[in-house]
Amino acid sequence: MTCKELQNLLYSARIDEFNPTDFEFLKHHLAECESCAAVFYKVSNAERILTRIKETVPRIPDEEALTESIIAAIAGFKRQTADVRSNTFFDRLYDVCSMKVVRIACTLVFLFCIISYMTMEYNDAKAIVGLEQRMGNQSVSNRAGVFYQDMNILDFLHGLYMLSNGTISSVELTKTLVLIKKADLQNLLKDYKTLDEASKVRLNAMYAEYIKEEPSLPFGSKNNSVEAAALQNEIKRLRMELERSNKTKERP
Amino acid sequence: MQNNIPIDSLETLVEEAQTGNIPAFEKIVRRHQAYAFAIAFRFMCDESDAQDIVQESFIRIWRHLHEFDLGMKFTTWMYRIVVNLCYDKIKSNKRRANVFTRSNNNPFVENCIGHIDLEQAFSDKETAALIRSLAGGLSEKQRMIFLLRDLQDLSIKEVSDITGMSESAIKTNLCYARERIRKKLESLKVCQ
Ligand SMILES: [Zn+2]
Numbered sequence: 012m013t014c015k016e017l018q019n020l021l022y023s024a025r026i027d028e029f030n031p032t033d034f035e036f037l038k039h040h041l042a043e044c045e046s047c048a049a050v051f052y053k054v055s056n057a058e059r060i061l062t063r064i065k066e067t068v069p070r071i072p073d074e075e076a077l078t079e080s081i082i083a084a085i086a087g088f089k090r091q092t093a094d095v096r097s098n099t100f101f102d103r104l105y106d107v108c109s110m111k112v113v114r115i116a117c118t119l120v121f122l123f124c125i126i127s128y129m130t131m132e133y134n135d136a137k138a139i140v141g142l143e144q145r146m147g148n149q150s151v152s153n154r155a156g157v158f159y160q161d162m163n164i165l166d167f168l169h170g171l172y173m174l175s176n177g178t179i180s181s182v183e184l185t186k187t188l189v190l191i192k193k194a195d196l197q198n199l200l201k202d203y204k205t206l207d208e209a210s211k212v213r214l215n216a217m218y219a220e221y222i223k224e225e226p227s228l229p230f231g232s233k234n235n236s237v238e239a240a241a242l243q244n245e246i247k248r249l250r251m252e253l254e255r256s257n258k259t260k261e262r263p
Numbered sequence: 022m023q024n025n026i027p028i029d030s031l032e033t034l035v036e037e038a039q040t041g042n043i044p045a046f047e048k049i050v051r052r053h054q055a056y057a058f059a060i061a062f063r064f065m066c067d068e069s070d071a072q073d074i075v076q077e078s079f080i081r082i083w084r085h086l087h088e089f090d091l092g093m094k095f096t097t098w099m100y101r102i103v104v105n106l107c108y109d110k111i112k113s114n115k116r117r118a119n120v121f122t123r124s125n126n127n128p129f130v131e132n133c134i135g136h137i138d139l140e141q142a143f144s145d146k147e148t149a150a151l152i153r154s155l156a157g158g159l160s161e162k163q164r165m166i167f168l169l170r171d172l173q174d175l176s177i178k179e180v181s182d183i184t185g186m187s188e189s190a191i192k193t194n195l196c197y198a199r200e201r202i203r204k205k206l207e208s209l210k211v212c213q
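Going down the list, the sequences are from chains A and B.
Residue numbers for the first sequence follow the working numbering, so the first one is 12 and each next one is one higher.
Residue numbers for the second sequence follow the working numbering, so the first one is 22 and each next one is one higher.
Extracted from the complex, chain A is given alone in its bound form (with noise of 0.2 Å):
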């Protein structure tokens, strides 16, 4: 043991902690080393106050005051509770929650559900940026119509396509514009009647050039499914529907 080590364990140990090695050592060394014999009488003149503080056990100034007092607390709690198991639920509750793995628990939960909901935000946000940037060469329309009434379908289905992180299908696309073309068709003939003459025109431009879209061409399904063919039956109907009764408007 060099002094230095020495010195550090007289500073951090008791006596009667050292091993009988290192007590053997101390014994000697003490004797021919000056500077660990310095820190040793030091050490000790520190003990000492220990000590004495050690001795002078803290009294209760009326003993008798307390321990009434605690029983009178305890009686008043006894009367409150006959059952004191069945009446102790909250205490038990307040001690869970005082655990330190319980707050600690709570704390990781919390973090995660916020760490999962900035999370799901991001990635939306970020799918957001994606169809923005890819749209940045596009007509304000067609960006603005991926939120807009008026919007181009194929646009519209693309977004929905990269929301989806890929996961819906060309099936579910077909079938989702085939049914968006059907509800327009529909509103629009439902709408038609009220409208003035100059909007039934400019409508009637604008859906010249929508319905002219093959609603499967995109995606290569035109016979995707049974129900995909009733639509676009459907479809066809509601068109020549539409384009018979702007010929009746035409005519007089």
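Any given hint could turn out to be false.
Stated by the list, open to error - Straight-line distance between alpha carbons at most 25 Å, and here's what the computed DSS-like set of lysine-lysine pairs gives:
no., chain 1, residue 1, chain 2, residue 2
1, B, 204, A, 53
2, B, 205, A, 111
3, B, 178, B, 162
4, A, 15, A, 38
5, B, 94, B, 146
6, B, 146, A, 65
7, A, 53, B, 205
8, B, 205, B, 192
9, A, 65, A, 53
10, B, 162, B, 112
11, A, 65, B, 162
12, B, 178, B, 94
13, A, 111, B, 112
14, B, 94, A, 65
15, B, 94, B, 192
16, B, 110, A, 65
17, B, 162, B, 146
18, B, 162, B, 204
19, A, 38, A, 53
20, A, 111, B, 178
21, B, 178, B, 192
22, B, 205, B, 146
23, B, 112, A, 53
24, B, 146, B, 192
25, A, 111, B, 146
26, B, 162, A, 111
27, B, 178, B, 146
28, B, 204, A, 65
29, A, 15, B, 204
30, A, 111, B, 94
31, A, 247, B, 162
32, B, 162, B, 192
33, A, 15, B, 192
34, A, 15, B, 205
35, B, 146, B, 112
36, A, 65, B, 192
37, A, 111, B, 204
38, B, 94, A, 38
Think of the hints as simulated: they come from the structure by calculation, not from any bench.
Chain A is fixed; fit chain B with the ligand onto it per the hints.
Same frame as chain A, but now just chain B with the ligand:
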């Protein structure tokens, strides 16, 4: 009144108290409140805080006595409750920011810098001022470990059972606390 208390074993008293027997519990209180007070006083360095903690400890012991495992040492369980309440008190005590700094202005501690007379017995207030001064700069855990091991003379194992810390963590903290305290004590001159 204390003379009338028959010598019962602690286990018997605890078992009786667990059935709701208040006189049995009163005997436990009389037997242990001084120990509980010593720890609380040495930790809080304040008589009134220490009494509050003792009272609150025994109320808590009574309310949770049915949870006490008779295979465990009762005093260890009691110390643990006292220690936890001390931590709680320190946290909730609005004066806590000053508890371990106000010693700087304490006349007794200032006197100690001049000399300390080991022939004279310390009063509780002087002891509190000294502990407060010596423990300044230690964390609450280090202070508690030092107090339990070196002032209450408990074994490392008992300190571990009470604080819930590992024995190695206790030894490390104890070494640090002792070194700091002994170096602080060097600055005090002792009259012989
Ligand atoms: Zn040496």
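Going through the hints against the structure:
no. : hint           : verdict
1   : B:204 to A:53  : 9 Å, holds
2   : B:205 to A:111 : 34 Å, violated
3   : B:178 to B:162 : 16 Å, holds
4   : A:15 to A:38   : 16 Å, holds
5   : B:94 to B:146  : 31 Å, violated
6   : B:146 to A:65  : 14 Å, holds
7   : A:53 to B:205  : 11 Å, holds
8   : B:205 to B:192 : 20 Å, holds
9   : A:65 to A:53   : 18 Å, holds
10  : B:162 to B:112 : 13 Å, holds
11  : A:65 to B:162  : 19 Å, holds
12  : B:178 to B:94  : 12 Å, holds
13  : A:111 to B:112 : 15 Å, holds
14  : B:94 to A:65   : 23 Å, holds
15  : B:94 to B:192  : 22 Å, holds
16  : B:110 to A:65  : 23 Å, holds
17  : B:162 to B:146 : 23 Å, holds
18  : B:162 to B:204 : 19 Å, holds
19  : A:38 to A:53   : 16 Å, holds
20  : A:111 to B:178 : 22 Å, holds
21  : B:178 to B:192 : 11 Å, holds
22  : B:205 to B:146 : 19 Å, holds
23  : B:112 to A:53  : 35 Å, violated
24  : B:146 to B:192 : 29 Å, violated
25  : A:111 to B:146 : 35 Å, violated
26  : B:162 to A:111 : 16 Å, holds
27  : B:178 to B:146 : 30 Å, violated
28  : B:204 to A:65  : 18 Å, holds
29  : A:15 to B:204  : 15 Å, holds
30  : A:111 to B:94  : 23 Å, holds
31  : A:247 to B:162 : 82 Å, violated
32  : B:162 to B:192 : 12 Å, holds
33  : A:15 to B:192  : 19 Å, holds
34  : A:15 to B:205  : 19 Å, holds
35  : B:146 to B:112 : 22 Å, holds
36  : A:65 to B:192  : 20 Å, holds
37  : A:111 to B:204 : 34 Å, violated
38  : B:94 to A:38   : 38 Å, violated
Hint check: violations occur at hints 2, 5, 23, 24, 25, 27, 31, 37, 38; the rest are consistent with the structure.
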